[in-house]
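Chemist: Note that the protein sequences, when read in sequence, are chains A and B. Quick note: the first sequence uses this note's numbering, first residue -5, plus one each step. Quick note: the second sequence uses this note's numbering, first residue -5, plus one each step.
Worth flagging that the hints you see were computed from the coordinates, not collected in a lab. A hint or two may mislead.
Stated by the list, open to error - Below are the DSS-like pairs computed for lysine-lysine, each with C-alpha atoms no more than 27 Å apart in a straight line: (1) Lys49(A) to Lys126(A); (2) Lys111(B) to Lys111(A); (3) Lys314(B) to Lys49(B); (4) Lys111(B) to Lys261(A); (5) Lys111(A) to Lys314(B); (6) Lys126(B) to Lys111(B); (7) Lys126(A) to Lys126(B); (8) Lys261(A) to Lys314(A).
What the hints assert, rightly or not - The calculated label-pair distances, taken between Cβ atoms and stated as ranges, are: (9) Arg23(A) to Ala106(B): 40 to 46 Å; (10) Glu135(A) to Gln69(B): 22 to 28 Å; (11) Gln32(B) to Arg262(A): 40 to 46 Å; (12) Gln269(A) to Asn159(B): 34 to 40 Å; (13) His276(A) to Glu268(B): 26 to 32 Å; (14) Asp271(B) to Glu130(A): 50 to 56 Å; (15) Arg66(A) to Ala309(B): 50 to 56 Å; (16) Asp234(A) to Gln32(B): 23 to 29 Å; (17) Gln27(A) to Gln299(B): 38 to 44 Å; (18) Asn159(B) to Glu94(A): 39 to 45 Å.
Virtual Cβ for every residue (Gly too), placed ideally from N, Cα, C.
Protein chains: 2
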Amino acid sequence: MPDGAPLPGEDALTTLIGLVADDMEAVNRLIVQRMDSQVVLIPQLAAHIVAAGGKRMRPLLTLATARMCGYRAGQRHVWLATCVEFIHTATLLHDDVVDESELRRGQASANALFGNKASVLVGDFLFARAFKLMVEDGSLEVLDILSGASATIAEGEVLQLMTQNDIATTEAQYLEVINGKTAALFAAAARLGGVVAECDAAAKDALEAYGRNIGVAFQLIDDALDYAADQAVLGKTVGDDFREGKITLPVLLAMARGDAAERDFWKRTLEDREQTDDDLAHAQALIARHGALRDTVERARDYGQAAREALSGFADGPEKRALDGLIDFCIARAR
Amino acid sequence: MPDGAPLPGEDALTTLIGLVADDMEAVNRLIVQRMDSQVVLIPQLAAHIVAAGGKRMRPLLTLATARMCGYRAGQRHVWLATCVEFIHTATLLHDDVVDESELRRGQASANALFGNKASVLVGDFLFARAFKLMVEDGSLEVLDILSGASATIAEGEVLQLMTQNDIATTEAQYLEVINGKTAALFAAAARLGGVVAECDAAAKDALEAYGRNIGVAFQLIDDALDYAADQAVLGKTVGDDFREGKITLPVLLAMARGDAAERDFWKRTLEDREQTDDDLAHAQALIARHGALRDTVERARDYGQAAREALSGFADGPEKRALDGLIDFCIARAR
Chain A
-5 MPDGAPLPGE DALTTLIGLV ADDMEAVNRL IVQRMDSQVV LIPQLAAHIV AAGGKRMRPL
55 LTLATARMCG YRAGQRHVWL ATCVEFIHTA TLLHDDVVDE SELRRGQASA NALFGNKASV
115 LVGDFLFARA FKLMVEDGSL EVLDILSGAS ATIAEGEVLQ LMTQNDIATT EAQYLEVING
175 KTAALFAAAA RLGGVVAECD AAAKDALEAY GRNIGVAFQL IDDALDYAAD QAVLGKTVGD
235 DFREGKITLP VLLAMARGDA AERDFWKRTL EDREQTDDDL AHAQALIARH GALRDTVERA
295 RDYGQAAREA LSGFADGPEK RALDGLIDFC IARAR
Chain B
-5 MPDGAPLPGE DALTTLIGLV ADDMEAVNRL IVQRMDSQVV LIPQLAAHIV AAGGKRMRPL
55 LTLATARMCG YRAGQRHVWL ATCVEFIHTA TLLHDDVVDE SELRRGQASA NALFGNKASV
115 LVGDFLFARA FKLMVEDGSL EVLDILSGAS ATIAEGEVLQ LMTQNDIATT EAQYLEVING
175 KTAALFAAAA RLGGVVAECD AAAKDALEAY GRNIGVAFQL IDDALDYAAD QAVLGKTVGD
235 DFREGKITLP VLLAMARGDA AERDFWKRTL EDREQTDDDL AHAQALIARH GALRDTVERA
295 RDYGQAAREA LSGFADGPEK RALDGLIDFC IARAR
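Put together the whole structure using the sequences plus the hints.
Modeler: Structure (structure tokens):
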């Protein structure tokens, strides 16, 4: 990636962040405030997570969809965006334990620094605290959306665990996994903006569809990047999915198009997890040879298009244009 | 313990179980039904947990307090007792991961059979499912009680992790740990009976106090049993707390009453975790010599008395008598 050249959609992301900058600052304050506990390990670990930053994509969706739908009356969008980020952070903490990750966003992961036990328990705390925040907000509709999303996330993660190291995994199962582990919370986050703005059911459904489709696109690109990208740019460890034997779309496409010898390679490396130092490079070469990265990105574009269509019914305005541009940004990460 | 001799209060437990037998059967059905998922590992692991049984103390509290307070109108007590058991099961799954337990109730623990990763993720699923059930019940008061209890449980578990292997732990910290890890959910479970029966605030507070105090008593006895009991009777591994370096009241009392050499022993075994085969027996001997088990049981009796007093305002009846007798049962386990 050439230094300094902006990604398509990067200006949209910058615009979007600017449009909700005050709201996001309020979210960050609320995160720190509501992660507080007399049990000092909790704010310590929380501070580590907050400092690690991250794109805050999910709260951004809640804030921006609320504003796009004309919400001006109060701070519910800030409150609910915080709930969403708490749930996301809890799942990250548990993911890192399950994946035995050493790095998260290019920095030492919480489990590497504080241990698996602390990550499990502080994740539980954040999850419980998210529900307390929702109860304070007082809407059963919100609680319904986020308890449903939380159950779907957990189901997706369990399915991912079951399909890991199993090269017989189908594309349908893979899509169910990424719908659970990523798209469900994107969908909920976007729908919540419509809830606080008191949109009608059709508008809330459209927001949810936007969130779900951009979420699937986001994860597809993430899975593509794991076989393609430059580690320094990404701030994540390239080849993680390969080393863990995760069955993602680039692998599924390459395997479907490969011969018996290639299948044996995938079986040995992903299913039996017998890997040598050269195997990642060979996996990348196979994926490139079969156009599997290109087609994964193409698939992400299709979902991006569906997200774009879901936005079409909303009145034009700066937030809508920025949410539209966000789709391009999510996909352009893969170039 | 002599074979066949009933424990004090054992008849009360039997009576209590009989009084709510139909309700508990409904709880068991609902547990199986709502643990269902297309992700087959979830019902598999759930079936293991349900088969493992357990005393179902917490749902018993919700069912019995609801009946004591005259609730006859519907099935909300069954529904909420199921939520309580889901939260409890989720915390058990995560506890076993954190404690690296091989046994739970005398059988192979879920993490030993299915792996730590599955236990973390299925625990998350059960927790999310519990909140979905609460949302279906539709009461913000219930959601407030159980989200608050869940956050307190997680805080207690984190504090336990922080104080583990630290012989400078104070009695106040120990009490905070057991209030979190055990008494908070007992308290919530008992209060919920008052909520469904639409009791006034004073009665709900009294039920919560009953639950909290019996919960503390229950955990004190559990901690005493870890140094005293016969493994076959208990169905738990004796000496677990010692091996893990948990700082419990029997240890705190023995240490406070011991000399410098004994303190060195506790430091080596619990803080530095350098243990030989004879150390558990020596720990048991020190605890016995200083009357630390006796005094831990005595402390449990005090909490039992507070639980008894909390019940005093309720009208006499079979449920009240059985709930009163349950206090004796919890404490008599330690003889």
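Chemist: Now tell me, hint by hint, if it's right for this structure.
Modeler: Against the structure, the hints:
{"no.": "1", "hint": "Lys49(A) to Lys126(A)", "result": "24 Å, holds"}
{"no.": "2", "hint": "Lys111(B) to Lys111(A)", "result": "12 Å, holds"}
{"no.": "3", "hint": "Lys314(B) to Lys49(B)", "result": "19 Å, holds"}
{"no.": "4", "hint": "Lys111(B) to Lys261(A)", "result": "22 Å, holds"}
{"no.": "5", "hint": "Lys111(A) to Lys314(B)", "result": "40 Å, violated"}
{"no.": "6", "hint": "Lys126(B) to Lys111(B)", "result": "23 Å, holds"}
{"no.": "7", "hint": "Lys126(A) to Lys126(B)", "result": "14 Å, holds"}
{"no.": "8", "hint": "Lys261(A) to Lys314(A)", "result": "45 Å, violated"}
{"no.": "9", "hint": "Arg23(A) to Ala106(B): 40 to 46 Å", "result": "43 Å, holds"}
{"no.": "10", "hint": "Glu135(A) to Gln69(B): 22 to 28 Å", "result": "24 Å, holds"}
{"no.": "11", "hint": "Gln32(B) to Arg262(A): 40 to 46 Å", "result": "30 Å, violated"}
{"no.": "12", "hint": "Gln269(A) to Asn159(B): 34 to 40 Å", "result": "36 Å, holds"}
{"no.": "13", "hint": "His276(A) to Glu268(B): 26 to 32 Å", "result": "47 Å, violated"}
{"no.": "14", "hint": "Asp271(B) to Glu130(A): 50 to 56 Å", "result": "53 Å, holds"}
{"no.": "15", "hint": "Arg66(A) to Ala309(B): 50 to 56 Å", "result": "53 Å, holds"}
{"no.": "16", "hint": "Asp234(A) to Gln32(B): 23 to 29 Å", "result": "27 Å, holds"}
{"no.": "17", "hint": "Gln27(A) to Gln299(B): 38 to 44 Å", "result": "39 Å, holds"}
{"no.": "18", "hint": "Asn159(B) to Glu94(A): 39 to 45 Å", "result": "23 Å, violated"}
In summary, the structure is inconsistent with hints 5, 8, 11, 13, 18 from the numbered list given earlier, while agreeing with the others.
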